[in-house]
Amino acid sequence: MKYPKEYYMDTYEKLTFARQYEMKVPELLATGKLPGFYHLAVGQEAIQMAIYLEKEDADWLSPHPRCHPLYALTCGINDFTTEMIGRKSSLCGGVASYVHIFSPEHHICPSNGLMGENQAIGAGFGLALTEFDDTEGCLILGIGDGTLEEGAVNEVMNVIASRNLKVCMIIENNDITISTRKHDVSRLRDPGERAYGMGLPVMFGDGNDIFEARELIRIGLEKARRGEPNVISLKTYRLRGHFEGDPTVYRDPAETEEAMKHEPVKRCREFLMSKGIATEEELNAIDEAQGKIVNAAFEQAVQAEIPTPEDVIGPELVFAD
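Heads up, my numbering is the position in the sequence shown plus 57, with the first residue counted as 1.
These are computed hints drawn from the structure, not numbers from a lab.
Every residue gets a Cβ at the ideal spot worked out from N, C-alpha and C, and that includes glycine.
Restraint ranges, calculated between C-beta atoms of paired labels, are given here:
# : residue 1 : residue 2 : range
1 : Val359    : Asp67     : 24 to 30 Å
2 : Pro92     : Glu345    : 27 to 33 Å
3 : Asn221    : Glu174    : 21 to 27 Å
4 : Glu327    : Val369    : 42 to 48 Å
5 : Asp191    : Pro92     : 40 to 46 Å
6 : Glu63     : Glu269    : 18 to 24 Å
7 : Lys318    : Pro161    : 39 to 45 Å
8 : Glu362    : Glu63     : 37 to 43 Å
No farther apart than 30 Å at their CA atoms in a straight line, the calculated lysine-lysine pairs in the DSSO-like style are these:
#  : residue 1 : residue 2
9  : Lys81     : Lys318
10 : Lys292    : Lys81
11 : Lys332    : Lys292
12 : Lys59     : Lys323
13 : Lys318    : Lys62
Model the full structure from these sequences, guided by the hints.
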(Lines of atoms letter the chains of each structure in order from A and count residues from 1; the text may use other names and numbers.)
(Lines give C-alpha, C1' and ligand atoms only; values in the text may rest on other atoms or scores of the structure.)
Protein backbone atom coordinates (compact mmCIF):
# COMPACT_ATOMS: atom_id res chain seq x y z
CA MET A 1 0.00 0.00 0.00
CA LYS A 2 1.17 3.52 -0.79
CA TYR A 3 -0.33 4.86 2.44
CA PRO A 4 -1.24 3.35 5.83
CA LYS A 5 -4.59 1.58 6.04
CA GLU A 6 -5.99 4.42 8.14
CA TYR A 7 -5.54 6.81 5.20
CA TYR A 8 -7.72 4.68 2.96
CA MET A 9 -10.33 3.93 5.60
CA ASP A 10 -10.67 7.58 6.61
CA THR A 11 -11.04 8.50 2.95
CA TYR A 12 -13.85 5.99 2.50
CA GLU A 13 -15.51 7.13 5.71
CA LYS A 14 -15.73 10.72 4.45
CA LEU A 15 -16.91 9.59 1.02
CA THR A 16 -19.75 7.42 2.30
CA PHE A 17 -20.73 10.17 4.74
CA ALA A 18 -21.02 12.60 1.83
CA ARG A 19 -23.15 10.24 -0.24
CA GLN A 20 -25.50 9.41 2.61
CA TYR A 21 -25.76 13.07 3.62
CA GLU A 22 -26.79 14.11 0.11
CA MET A 23 -29.25 11.25 -0.31
CA LYS A 24 -30.96 12.14 2.97
CA VAL A 25 -32.17 15.40 1.42
CA PRO A 26 -34.48 13.91 -1.26
CA GLU A 27 -35.67 11.32 1.26
CA LEU A 28 -36.89 14.04 3.62
CA LEU A 29 -38.11 16.31 0.85
CA ALA A 30 -40.48 13.54 -0.20
CA THR A 31 -41.98 13.52 3.31
CA GLY A 32 -42.49 17.28 3.41
CA LYS A 33 -40.12 17.70 6.36
CA LEU A 34 -37.63 19.88 4.50
CA PRO A 35 -38.31 23.33 3.10
CA GLY A 36 -36.29 24.90 0.34
CA PHE A 37 -34.62 24.22 -2.97
CA TYR A 38 -31.64 21.87 -3.15
CA HIS A 39 -28.87 21.27 -5.67
CA LEU A 40 -27.22 17.97 -4.80
CA ALA A 41 -23.72 16.75 -5.56
CA VAL A 42 -24.58 13.05 -5.85
CA GLY A 43 -21.85 11.57 -8.02
CA GLN A 44 -19.47 14.48 -7.40
CA GLU A 45 -18.71 13.85 -3.72
CA ALA A 46 -15.14 12.63 -4.23
CA ILE A 47 -13.92 16.10 -5.16
CA GLN A 48 -15.50 17.71 -2.10
CA MET A 49 -14.14 15.11 0.27
CA ALA A 50 -10.69 15.29 -1.29
CA ILE A 51 -10.73 19.02 -0.57
CA TYR A 52 -11.84 18.42 3.02
CA LEU A 53 -9.16 15.80 3.62
CA GLU A 54 -6.33 17.87 2.12
CA LYS A 55 -7.12 21.38 3.35
CA GLU A 56 -5.32 22.75 6.39
CA ASP A 57 -6.62 24.87 9.24
CA ALA A 58 -5.16 28.08 7.81
CA ASP A 59 -6.83 27.60 4.42
CA TRP A 60 -10.05 29.39 3.46
CA LEU A 61 -12.93 27.88 1.49
CA SER A 62 -14.99 29.44 -1.26
CA PRO A 63 -16.41 26.17 -2.54
CA HIS A 64 -18.48 24.93 -5.45
CA PRO A 65 -22.17 25.53 -4.65
CA ARG A 66 -22.94 21.79 -4.57
CA CYS A 67 -21.08 21.37 -1.32
CA HIS A 68 -23.42 20.37 1.53
CA PRO A 69 -21.17 17.57 2.89
CA LEU A 70 -18.06 19.76 2.70
CA TYR A 71 -19.82 22.53 4.62
CA ALA A 72 -21.17 20.02 7.13
CA LEU A 73 -17.80 18.54 8.02
CA THR A 74 -16.11 21.94 8.09
CA CYS A 75 -18.73 23.81 10.14
CA GLY A 76 -20.02 20.94 12.27
CA ILE A 77 -22.54 18.42 11.00
CA ASN A 78 -25.38 19.33 13.36
CA ASP A 79 -24.92 23.09 13.10
CA PHE A 80 -24.72 23.14 9.32
CA THR A 81 -27.65 20.78 8.85
CA THR A 82 -29.78 23.00 11.08
CA GLU A 83 -28.72 26.06 9.10
CA MET A 84 -29.24 24.37 5.74
CA ILE A 85 -32.90 23.60 6.39
CA GLY A 86 -33.67 27.10 7.68
CA ARG A 87 -33.75 26.50 11.42
CA LYS A 88 -31.97 28.54 14.07
CA SER A 89 -28.31 27.57 14.26
CA SER A 90 -25.08 28.95 15.66
CA LEU A 91 -23.83 29.65 12.12
CA CYS A 92 -26.14 32.25 10.54
CA GLY A 93 -29.28 31.88 12.63
CA GLY A 94 -31.12 29.90 9.99
CA VAL A 95 -31.35 32.78 7.51
CA ALA A 96 -28.53 31.73 5.16
CA SER A 97 -29.16 28.04 4.39
CA TYR A 98 -26.24 26.90 2.22
CA VAL A 99 -26.50 29.48 -0.56
CA HIS A 100 -25.65 32.57 1.52
CA ILE A 101 -23.59 31.06 4.31
CA PHE A 102 -20.64 32.92 5.85
CA SER A 103 -18.63 31.57 8.76
CA PRO A 104 -15.29 33.31 9.34
CA GLU A 105 -14.56 31.17 12.40
CA HIS A 106 -14.58 28.14 10.09
CA HIS A 107 -12.76 29.99 7.28
CA ILE A 108 -15.83 29.87 5.03
CA CYS A 109 -16.05 32.83 2.65
CA PRO A 110 -19.40 34.58 2.12
CA SER A 111 -21.38 33.27 -0.82
CA ASN A 112 -24.46 34.04 -2.86
CA GLY A 113 -26.60 32.36 -5.48
CA LEU A 114 -25.18 34.15 -8.52
CA MET A 115 -22.80 32.00 -10.51
CA GLY A 116 -19.48 33.74 -11.00
CA GLU A 117 -19.95 36.16 -8.12
CA ASN A 118 -18.74 33.67 -5.51
CA GLN A 119 -15.47 33.39 -7.40
CA ALA A 120 -15.03 37.17 -7.31
CA ILE A 121 -15.71 37.23 -3.57
CA GLY A 122 -13.33 34.33 -3.03
CA ALA A 123 -10.60 35.99 -5.06
CA GLY A 124 -10.90 39.00 -2.78
CA PHE A 125 -10.15 36.76 0.17
CA GLY A 126 -7.25 35.33 -1.82
CA LEU A 127 -5.93 38.87 -2.29
CA ALA A 128 -6.20 39.51 1.44
CA LEU A 129 -4.40 36.27 2.27
CA THR A 130 -1.63 37.15 -0.16
CA GLU A 131 -1.03 40.83 0.54
CA PHE A 132 -2.44 41.63 3.99
CA ASP A 133 -2.07 38.46 6.04
CA ASP A 134 0.95 36.55 7.28
CA THR A 135 -0.96 33.26 7.40
CA GLU A 136 0.39 30.14 5.74
CA GLY A 137 -3.02 29.33 4.27
CA CYS A 138 -4.42 29.66 0.78
CA LEU A 139 -7.86 30.20 -0.76
CA ILE A 140 -9.58 27.09 -2.17
CA LEU A 141 -11.82 28.36 -4.95
CA GLY A 142 -14.44 25.91 -6.21
CA ILE A 143 -16.22 26.27 -9.52
CA GLY A 144 -18.29 24.27 -12.00
CA ASP A 145 -17.50 24.01 -15.69
CA GLY A 146 -20.62 26.00 -16.57
CA THR A 147 -19.69 28.93 -14.35
CA LEU A 148 -16.41 29.27 -16.24
CA GLU A 149 -18.46 30.81 -19.05
CA GLU A 150 -19.29 33.81 -16.85
CA GLY A 151 -17.38 36.95 -17.79
CA ALA A 152 -16.60 37.77 -14.18
CA VAL A 153 -14.72 34.50 -13.81
CA ASN A 154 -12.32 35.40 -16.61
CA GLU A 155 -11.58 38.68 -14.86
CA VAL A 156 -11.09 36.80 -11.60
CA MET A 157 -8.65 34.35 -13.18
CA ASN A 158 -6.66 37.22 -14.67
CA VAL A 159 -6.37 38.93 -11.28
CA ILE A 160 -5.36 35.65 -9.62
CA ALA A 161 -2.63 35.12 -12.22
CA SER A 162 -1.35 38.69 -12.51
CA ARG A 163 -1.17 39.22 -8.74
CA ASN A 164 0.14 35.73 -7.95
CA LEU A 165 -2.62 35.22 -5.43
CA LYS A 166 -2.51 32.28 -3.05
CA VAL A 167 -5.41 30.57 -4.78
CA CYS A 168 -6.08 27.04 -6.00
CA MET A 169 -9.10 26.95 -8.33
CA ILE A 170 -10.74 23.52 -8.45
CA ILE A 171 -13.10 22.86 -11.36
CA GLU A 172 -15.82 20.23 -10.97
CA ASN A 173 -16.27 19.31 -14.62
CA ASN A 174 -19.52 17.38 -14.99
CA ASP A 175 -19.80 18.42 -18.66
CA ILE A 176 -23.26 19.93 -18.32
CA THR A 177 -24.60 23.36 -17.35
CA ILE A 178 -28.10 22.80 -16.00
CA SER A 179 -29.21 21.17 -19.27
CA THR A 180 -26.64 22.53 -21.74
CA ARG A 181 -23.85 20.28 -22.95
CA LYS A 182 -20.38 21.75 -22.85
CA HIS A 183 -19.64 20.94 -26.50
CA ASP A 184 -22.61 23.11 -27.50
CA VAL A 185 -21.07 26.26 -26.04
CA SER A 186 -17.30 25.70 -26.04
CA ARG A 187 -14.66 24.23 -28.34
CA LEU A 188 -12.29 23.49 -25.46
CA ARG A 189 -11.52 19.82 -24.91
CA ASP A 190 -11.56 20.50 -21.16
CA PRO A 191 -12.77 23.64 -19.38
CA GLY A 192 -9.50 23.76 -17.47
CA GLU A 193 -7.74 24.76 -20.68
CA ARG A 194 -9.19 28.23 -20.17
CA ALA A 195 -6.49 28.75 -17.52
CA TYR A 196 -3.75 28.66 -20.16
CA GLY A 197 -5.00 31.94 -21.61
CA MET A 198 -4.44 33.58 -18.23
CA GLY A 199 -0.99 32.11 -17.76
CA LEU A 200 -2.11 29.76 -15.00
CA PRO A 201 -0.80 26.19 -14.78
CA VAL A 202 -3.49 23.51 -14.78
CA MET A 203 -3.64 19.85 -13.77
CA PHE A 204 -6.25 17.45 -15.12
CA GLY A 205 -7.60 14.39 -13.32
CA ASP A 206 -10.38 11.92 -12.64
CA GLY A 207 -12.79 13.46 -10.16
CA ASN A 208 -14.48 10.11 -9.56
CA ASP A 209 -11.24 8.63 -8.19
CA ILE A 210 -10.97 10.13 -4.73
CA PHE A 211 -7.38 9.01 -4.27
CA GLU A 212 -6.25 10.67 -7.50
CA ALA A 213 -8.25 13.76 -6.58
CA ARG A 214 -6.57 13.90 -3.17
CA GLU A 215 -3.10 13.74 -4.66
CA LEU A 216 -3.74 16.47 -7.23
CA ILE A 217 -5.44 18.72 -4.69
CA ARG A 218 -2.59 18.18 -2.23
CA ILE A 219 -0.11 19.34 -4.87
CA GLY A 220 -2.29 22.28 -5.88
CA LEU A 221 -2.80 23.51 -2.32
CA GLU A 222 0.90 23.21 -1.51
CA LYS A 223 1.70 25.38 -4.52
CA ALA A 224 -0.98 27.93 -3.68
CA ARG A 225 0.29 28.29 -0.12
CA ARG A 226 3.70 29.18 -1.61
CA GLY A 227 2.13 31.90 -3.73
CA GLU A 228 1.89 29.83 -6.90
CA PRO A 229 -1.73 30.07 -8.11
CA ASN A 230 -2.96 27.11 -10.09
CA VAL A 231 -6.02 25.35 -11.49
CA ILE A 232 -7.16 21.73 -11.15
CA SER A 233 -9.83 20.36 -13.50
CA LEU A 234 -11.48 17.14 -12.32
CA LYS A 235 -13.87 15.18 -14.54
CA THR A 236 -16.99 13.87 -12.84
CA TYR A 237 -20.68 13.19 -13.46
CA ARG A 238 -23.82 14.60 -11.86
CA LEU A 239 -26.04 11.57 -11.17
CA ARG A 240 -29.15 13.56 -10.28
CA GLY A 241 -30.80 16.59 -11.84
CA HIS A 242 -29.58 20.15 -11.66
CA PHE A 243 -32.01 20.56 -8.76
CA GLU A 244 -34.26 18.19 -6.86
CA GLY A 245 -37.36 17.87 -9.00
CA ASP A 246 -35.51 18.29 -12.30
CA PRO A 247 -36.90 15.56 -14.63
CA THR A 248 -33.60 15.46 -16.61
CA VAL A 249 -35.40 14.97 -19.93
CA TYR A 250 -32.33 16.45 -21.61
CA ARG A 251 -30.21 13.31 -21.22
CA ASP A 252 -30.60 9.64 -22.05
CA PRO A 253 -31.27 7.48 -18.95
CA ALA A 254 -28.81 4.96 -20.40
CA GLU A 255 -26.05 7.54 -20.00
CA THR A 256 -26.73 7.89 -16.29
CA GLU A 257 -27.00 4.13 -15.92
CA GLU A 258 -23.55 3.76 -17.47
CA ALA A 259 -22.16 6.50 -15.23
CA MET A 260 -23.41 4.61 -12.17
CA LYS A 261 -20.83 1.92 -12.95
CA HIS A 262 -18.04 4.43 -12.39
CA GLU A 263 -19.40 6.61 -9.59
CA PRO A 264 -16.94 7.44 -6.78
CA VAL A 265 -18.36 5.44 -3.85
CA LYS A 266 -18.60 2.27 -5.92
CA ARG A 267 -15.10 2.76 -7.30
CA CYS A 268 -13.63 3.40 -3.88
CA ARG A 269 -15.24 0.29 -2.40
CA GLU A 270 -14.08 -1.88 -5.29
CA PHE A 271 -10.54 -0.52 -5.06
CA LEU A 272 -10.23 -1.09 -1.32
CA MET A 273 -11.55 -4.64 -1.54
CA SER A 274 -9.58 -5.60 -4.66
CA LYS A 275 -6.32 -4.43 -3.07
CA GLY A 276 -7.03 -6.28 0.17
CA ILE A 277 -7.08 -3.03 2.13
CA ALA A 278 -10.57 -3.55 3.53
CA THR A 279 -13.20 -6.26 3.64
CA GLU A 280 -16.81 -5.79 2.63
CA GLU A 281 -17.79 -6.22 6.28
CA GLU A 282 -15.46 -3.40 7.36
CA LEU A 283 -16.84 -1.05 4.72
CA ASN A 284 -20.43 -1.95 5.57
CA ALA A 285 -19.71 -1.15 9.21
CA ILE A 286 -18.42 2.28 8.20
CA ASP A 287 -21.53 2.82 6.08
CA GLU A 288 -23.76 1.98 9.03
CA ALA A 289 -21.87 4.24 11.44
CA GLN A 290 -21.95 7.21 9.06
CA GLY A 291 -25.62 6.62 8.33
CA LYS A 292 -26.39 6.97 12.03
CA ILE A 293 -24.50 10.26 12.16
CA VAL A 294 -26.41 11.59 9.17
CA ASN A 295 -29.78 10.46 10.53
CA ALA A 296 -29.10 12.03 13.91
CA ALA A 297 -28.06 15.33 12.33
CA PHE A 298 -31.25 15.66 10.32
CA GLU A 299 -33.45 14.46 13.17
CA GLN A 300 -32.18 17.18 15.51
CA ALA A 301 -32.31 19.76 12.73
CA VAL A 302 -35.99 19.29 11.89
CA GLN A 303 -36.80 19.69 15.60
CA ALA A 304 -34.86 22.95 15.90
CA GLU A 305 -36.58 26.31 16.31
CA ILE A 306 -37.79 28.15 13.22
CA PRO A 307 -36.59 31.78 12.95
CA THR A 308 -39.24 34.43 13.56
CA PRO A 309 -39.77 37.42 11.24
CA GLU A 310 -37.98 39.52 13.85
CA ASP A 311 -35.00 37.18 13.68
CA VAL A 312 -34.81 37.52 9.91
CA ILE A 313 -35.16 41.31 9.63
CA GLY A 314 -33.30 42.25 12.79
CA PRO A 315 -31.08 45.33 12.30
CA GLU A 316 -28.02 43.41 13.48
CA LEU A 317 -28.34 41.30 10.32
CA VAL A 318 -28.66 44.33 8.05
CA PHE A 319 -26.39 47.01 9.48
CA ALA A 320 -22.74 46.86 10.51
CA ASP A 321 -21.81 48.06 13.97
